[in-house]
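Top to bottom, those sequences are chains A and B. According to my numbering, the first sequence is numbered sequentially starting from 1. According to my numbering, the second sequence is numbered sequentially starting from 1.
The hints are simulated quantities; they were obtained by calculation from the structure and are not laboratory data. Some hints here could point you the wrong way.
[What the hints assert, rightly or not] Some chain A residues flagged as far from chain B (calculated, every beta-carbon gap over 10 Å):
# : residue
1 : S56
2 : K118
3 : R141
4 : V207
5 : D208
6 : K233
7 : H284
8 : N319
9 : P417
[Said to hold, decoys possible] With the C-beta cut set under 10 Å, the calculated list includes, among others, these residues of chain A facing chain B:
#  : residue
10 : Y63
11 : S65
12 : T340
13 : L361
14 : E434
15 : P435
Bear in mind the structure is a predicted one, so any value in this text is a computation, not a measurement. C-beta atoms are modelled at their ideal positions from N, C-alpha and C, and glycine is treated no differently.
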Amino acid sequence: MPNLTANLAGILSPNPFWLASAPPTNSGYQVMKAFETGWGGAVWKTLGIPVVNTSSRYGAINYRSSRMVGFNNIELITDRPLADNLREIEEVKKYFPDHAVVASLMVESRKEWHQIVKDVENAGADGVELNFGCPHGMCERGMGSAVGQEPAVLQTITGWVKEVATVPVIVKLTPNITDITEPAVAAAKGGADAISLINTIQSLMGVDLDRFVPYPTVDGKSTNGGYCGPAVKPIALNMVKNCAQHQGVNIPISGIGGIENWRDAVEHMLLGANNVQVCTAVMHYGFGIIREMLAGLEEYMNEKGFGQLPDFIGKAVSNVTTWENLNLKYKVIAAINADTCIGCQLCYTACEDGAHQAIALPGNGQGRVPAIIEENCVGCNLCSLVCPVENCITMVRKDDGSTHESWKDYMDSGKAPTEFNDKRAGGHGHWIPEPKAGLGG
Amino acid sequence: MAEYQTPTTEKDLETSFEQIKPYMNATMAYYESSRCLFCYDAPCVKACPTGIDIPLFIRQIHTGNLEGAARTIYDSNYFGNICGKVCPTEVLCEGACVYNLQDVKPIEIGRLQSYAAADMIRQGRKLYEPGPTNGYHIAIIGAGPASISCACELRLLGYEVDIFEAKSHPSGLAIYGCAPYKVTNEDVLEEINYLQEQFQFRVHYKQPVKTKEQIAALERDYAAILLGVGLGPTQALNLEGEGLAGCIGATEFIEQVKLMPLALEVGRRVIVIGGGNTAMDAASESARLGAEAVTVAYRRSKEEMRAYAFEYGLARSAGVMGLFNAAPLAILGEEKVRGVRFIKTQNEGGKLKHIPGSEFEMACDMVILATGQAKQSAFLNLIDSLEKDGRGCIKVNPQSFQTSRPKYFAAGDAVNGGAEVVNAAAEGKMAARGIDKYVSSSK
Ligand SMILES: Cc1cc2nc3c(=O)[nH]c(=O)nc-3n(C[C@H](O)[C@H](O)[C@H](O)COP(=O)(O)OP(=O)(O)OC[C@H]3O[C@@H](n4cnc5c(N)ncnc54)[C@H](O)[C@@H]3O)c2cc1C
Ligand SMILES: Cc1cc2nc3c(=O)[nH]c(=O)nc-3n(C[C@H](O)[C@H](O)[C@H](O)COP(=O)(O)O)c2cc1C
Ligand code: SF4
Ligand code: SF4
Ligand code: SF4
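Here chain A stands alone, though its shape is the one from the complex (with noise of 0.2 Å):
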């Protein structure tokens, strides 16, 4: 049985799962709930000045037969007085010492947030999380992620809050930013035990076509979200990353984006994540989600012997590398398994069409299975992307592993092309069919 206890900057927790702070942390009522359910922390919905909302609040896409791959809320913070909120973490604090509660903030003045910090401490928060990602409306009223767009302003009030604070501070970050590690640097310097990221990102989620206004339509107008859910995944794991990657972002991560199942999770802690955060999962299946997520992660960790969190955090991350150290001498080439072929020939037309040209159709009266032309096959992968059959189309290595070169090694040694016509191009002498030969087909 590993050992599944996670530590966040000193916050200790069960498990690594929390609830992040989003309506599913609204009340005390939700979240004792979801510990007795199994969730290891939750981070309170961010409190404050309460809010009042609007009706409604949210949109999502639905891919094909899949709904909300994305989500999209235009909510903001707690709409319920403070100290109904502070009762309830009081009372969450005292059935389930060993969770988790951190207390979500999002105020204005130096003295607000000591007043804030203070409150919750009191009512016995395990840590404080300093909301600078809300990008939809608290940031046209000066905060949120107008806090997390200007690395200078997050520094300050960061500051603010360790001149009282005695639990941990979190500072969550928005990613509405070009570079996350500036905020993230900025946390550290301003004195954060952690970070917590990515936030939702500023999004539109589509728009009526009859009534010519984007989604979630609030009598006849709309505004843009936040978005989040599956889709989001990639964005977060990168942003993750690149603070995990960072010398000045020496302080623990607490990954939160697109995290549905167990897998998910490993992924954001492979990149670096002490912990992980649920939002979208939650308010599309519930808490009962948990159990597949604890049973799954028990299962992978059994698996690789792997006996505590520690274990695998942060094995992925110096696997990733900048472009330039990528070994160009790598070569792979698609392969088909003709016996589970199904013939649909979507590899042809990707390849055809949106790639390299280097797949055949069978002759005539051949049957259907596509052939692939390995002497224009670059190994772009998409093929096998396309392919609806699991591992129909496997990517099969061609060179020897004997040599390394990188784009580097070209620069040092003089083999990266230089002029507009350069020979050491790599499509240089690839075969292309004529133009003319595009027409008439």
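Starting from the known structure of chain A, arrange chain B with the ligands on it as the hints suggest.
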């Protein structure tokens, strides 16, 4: 107790003839359409006799463009809804769907097709109007699928069209033949009506063409003539006792099932003789009308039946029993049928041999002969020097569907010897193009 009770009300009929391909709702259509892979050079399209761009209309359904989907369907096949329901998709488009090779359920193409087409019909949304009139008149004999398909296409090209139909309803065997659990008469008539409202061809009902004089008049008054007369009544077997009360041809029996199912008295014990799809339909329908024991008797083996496996399966699921390698010798009875005398057979090097001394009798009170439809020889003989093939079907040019008599074109069962609605629809449309070429070149 049999699977089914004898239906006595319209409501009972709905149970007996519950649709095997009911309409999808929007959610089902959304999910099912999402599964289509959008194959390149899709095998399903190649397997459709009318060549509907299946992945395109499925994608259009998925993106909420039902009108576009219906247009894609109707552009290739005027029997969009009917075909979606009655086509043997298992051996056509759905049988060719690549998912079969993955042992995954193929896309339900037929039901998706009906979903889009029926939506237009229900809304009465018009997709076509007749082309500018070109002043030429075309006569069509018969109002079956081949003829109606031809008529729609001709109207699109600007021709005036008169259809002469012997019976009182349009669509031929689509209404008088296709099994009631595949398509309802209402569905059939609504689609034909929908087509007629758009294309405005004229149908003259109860106007059989039976004489040389009529033919001569058509030749005089019209620029070209399409023969869409289909096939005739059930072929006689010349068995002893065939004329007894209680012995009926399958086509004639099914026509009664389709037109007056509640008035029809089906036997308690029914023997259906034959091994084709019509035999399966007649057996299924007898069972669904409350017959206690229905047997399909075929003189060869089960494997040699011409009926599609799923049609036999459908009959079995209605409670029908199979009797194989049994050839009928005589239908027994004095005034009424009381049984059939069979002899066992075996296949000796491809030749069917009776096994001497293996005669046996099986009791029944109804015999349905599903031994094929006769050709329309009497009618075809009205047209001088019209060439026929060895089977007695009208010979045509496979592209233009022109017969040996240049002014005559033919399509559907009368040409192919009995296929499906979709073949008739495809051929009728091609014949219209053939007629157009012929008429425009002889201007
Ligand atoms: C029992 C049965 C079940 C079937 N089930 C299916 C099925 O499930 N799916 C499927 O796709 N196909 C099915 N078919 C086949 C399908 O119905 C036919 O292939 C199709 O209807 C042929 O169309 P057609 O226009 O060539 O001829 P028909 O449909 O036979 O139409 C010919 C028309 O011409 C009329 N006519 C004939 N002679 C004259 C004349 N001298 N003057 C005026 N009018 C005349 C007839 O009254 C008739 O209306 C079935 C057939 C049968 C018999
Ligand atoms: C393989 C690949 C290569 C691309 N190369 C370029 C490029 O050379 N120049 C460019 O402006 N954008 C490039 N893009 C970005 C696309 O033009 C486009 O902005 C992006 O993919 C988003 O659109 P999409 O969601 O439709 O893919 C590339 C995208 C892909 C997938
Ligand atoms: S890997 Fe790329 S280039 Fe090679 S066959 Fe596949 S799609 Fe074409
Ligand atoms: S995409 Fe896969 S299944 Fe489809 S033709 Fe290519 S190899 Fe075969
Ligand atoms: S074969 Fe099947 S999956 Fe492919 S396009 Fe046709 S219906 Fe879609």
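To see whether the hints hold, each was checked on the structure:
no., hint, in the structure
1, S56, "holds (21 Å)"
2, K118, "holds (52 Å)"
3, R141, "holds (38 Å)"
4, V207, "holds (14 Å)"
5, D208, "holds (13 Å)"
6, K233, "holds (21 Å)"
7, H284, "holds (17 Å)"
8, N319, "holds (33 Å)"
9, P417, "holds (35 Å)"
10, Y63, "holds (9 Å)"
11, S65, "holds (4 Å)"
12, T340, "holds (8 Å)"
13, L361, "holds (8 Å)"
14, E434, "violated (22 Å)"
15, P435, "violated (22 Å)"
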